[in-house]
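Protein chains in written order, with the working numbering: chain A, 116 to 287; chain B, 116 to 287.
Do not take every clue at face value.
To be verified - Chain B stretches covered by chain A per the calculated footprint, using a threshold of three residues with CB under 8 angstroms from any CB of chain A:
| no. | segment |
| --- | --- |
| 1 | 120-131 |
| 2 | 174-187 |
| 3 | 191-204 |
| 4 | 231-243 |
Claimed, not checked - Take a look, some chain A residues computed to stay more than 12 angstroms from chain B by CB distance:
| no. | residue |
| --- | --- |
| 5 | Asn-128 |
| 6 | Asp-192 |
| 7 | Phe-263 |
| 8 | Glu-269 |
What the hints assert, rightly or not - Straight-line distance between alpha carbons at most 20 angstroms, and here's what the computed SDA-like set of lysine to any residue pairs gives:
| no. | chain 1 | residue 1 | chain 2 | residue 2 |
| --- | --- | --- | --- | --- |
| 9 | B | Lys-225 | B | Glu-262 |
| 10 | A | Lys-186 | B | Ala-226 |
| 11 | B | Lys-186 | A | Lys-225 |
| 12 | A | Lys-186 | B | Gly-141 |
| 13 | B | Lys-225 | A | Arg-240 |
| 14 | A | Lys-186 | A | Ile-156 |
| 15 | A | Lys-225 | B | Asp-238 |
| 16 | A | Lys-186 | B | Leu-166 |
| 17 | A | Lys-186 | B | Asn-168 |
| 18 | A | Lys-136 | A | Lys-186 |
| 19 | B | Lys-186 | A | Gln-167 |
| 20 | A | Lys-225 | A | Val-143 |
| 21 | B | Lys-225 | A | Asn-242 |
Derived by calculation from the structure, the hints in this document are not laboratory data.
By construction, the Cβ of each residue, glycine as well, lies at the ideal position given by its N, Cα and C atoms.
Number of protein chains: 2
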Amino acid sequence: MRNAADRDRFYMNLALSEAGKAADAGEVPVGAVLVCDGEAIALAHNRREELQNPVAHAEALALQAASFHLKSWRLEDCSLYVTLEPCVMCVGAILQARIARLVFGCLDPKAGAVESLYRLCEDSRLNHTLPVTRGVLENECSSILSEFFRHLREGNRVVKRAERWPSPVEGA
Amino acid sequence: MRNAADRDRFYMNLALSEAGKAADAGEVPVGAVLVCDGEAIALAHNRREELQNPVAHAEALALQAASFHLKSWRLEDCSLYVTLEPCVMCVGAILQARIARLVFGCLDPKAGAVESLYRLCEDSRLNHTLPVTRGVLENECSSILSEFFRHLREGNRVVKRAERWPSPVEGA
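Required output: the full structure, derived from the provided sequences and hints.
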């Protein structure tokens, strides 16, 4: 790859394909990739519903997979790529793992803890701070989410209509 | 048990015995208990070093064990007891799991995200808020940590001395 921006897009595309797997499984489509020395050592997508686990966000799963792979909770040489701005829990996990750099796609105005609601990655009182790059493949990262929620709303609307006007068979 | 304060002390004692297991294993001694309908459904202690997992704090492990037990990421009827004020990651996990009530023992001035550095449990912009009780068995919860770090410092001091003044055998 020619330069750092190309590399960021390459890894964010990997994260996007992980987000696609989440969408296919009916999960909020967020994907994450952990990169160490130029190698993607962990790929993960949101699996909260599948695993019924409140911690099973893409980032937390990627961090844990990378730690398992490297046999260390310290991931000081690793960068995390994630399609959506991480929440409080996931930024906390990123800080715990001492991640070197965070790259994310689009903002999460309702829950983001990097820029939107808090700026946790730059709080020098915490045990770690790290540089952040945002907006890599922003439109693609945002679109996969808005498409997912549009389908969900349309699906819900159909269900509500069916509840309101029972089919001739059900209403007979 | 006679009243709510007795119950809180009872469950915090369980959390303290979990913290003791962490200390015995050389981990920072923090313990957590998840209580649902008066029953302790999950007990956990910090296992970060043992598992080499940055997410393996007592609270995160207890939440996940409870979710596995109840087959649900939503723990809306559960209270979490933890010996030390939770960090950013763990408060984030508590909010993700929609925990009904948090009880903790002593403050963590360097990393606590309930009162010390942030007040994340009462931020109405986030997806969940919850009542917090602090100071239950505060001295015991604090003592087990200060004892642990005192032993660690003494151990480290011995190591440093040995490095500085090699034993006659090593220095020969």
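A quick look at each hint next to the structure:
1. 120-131: The restraint on the segment 120-131 of chain B is violated, since only 0 of its residues have a Cβ under 8 angstroms from chain A and three are required.
2. 174-187: holds (count 7)
3. 191-204: Three-residue rule met by the segment 191-204 of chain B, so holds; n is 3.
4. 231-243: This one holds; 7 residues, not fewer than the three required, reach chain A with a Cβ under 8 angstroms.
5. Asn-128: Answer for A/Asn-128: holds, closest chain B Cβ roughly 26 angstroms.
6. Asp-192: holds, 14 angstroms
7. Phe-263: holds, 18 angstroms
8. Glu-269: holds, 23 angstroms
9. B/Lys-225 to B/Glu-262: holds, 18 angstroms
10. A/Lys-186 to B/Ala-226: Between A/Lys-186 and B/Ala-226 the Cα gap is close to 25 angstroms, so the pair fails against 20 angstroms, i.e. violated.
11. B/Lys-186 to A/Lys-225: Violated, because 27 angstroms separates the two Cα atoms, which is more than 20 angstroms.
12. A/Lys-186 to B/Gly-141: holds, 18 angstroms
13. B/Lys-225 to A/Arg-240: Cα-Cα ~7 angstroms, so holds.
14. A/Lys-186 to A/Ile-156: holds, 12 angstroms
15. A/Lys-225 to B/Asp-238: Status holds; Cα separation ~12 angstroms.
16. A/Lys-186 to B/Leu-166: Given pair A/Lys-186, B/Leu-166 holds - Cα atoms ~9 angstroms apart, limit 20 angstroms.
17. A/Lys-186 to B/Asn-168: Between A/Lys-186 and B/Asn-168 the Cα gap is close to 8 angstroms, so the pair holds against 20 angstroms.
18. A/Lys-136 to A/Lys-186: Cα-Cα ~27 angstroms, so violated.
19. B/Lys-186 to A/Gln-167: OK: B/Lys-186 and A/Gln-167 at ~6 angstroms, within 20 angstroms.
20. A/Lys-225 to A/Val-143: With Cα atoms ~14 angstroms apart, A/Lys-225 and A/Val-143 stay inside 20 angstroms; holds.
21. B/Lys-225 to A/Asn-242: holds, 8 angstroms
In the structure shown, a violation is registered for the earlier hints numbered 1, 10, 11 and 18, in ascending order.
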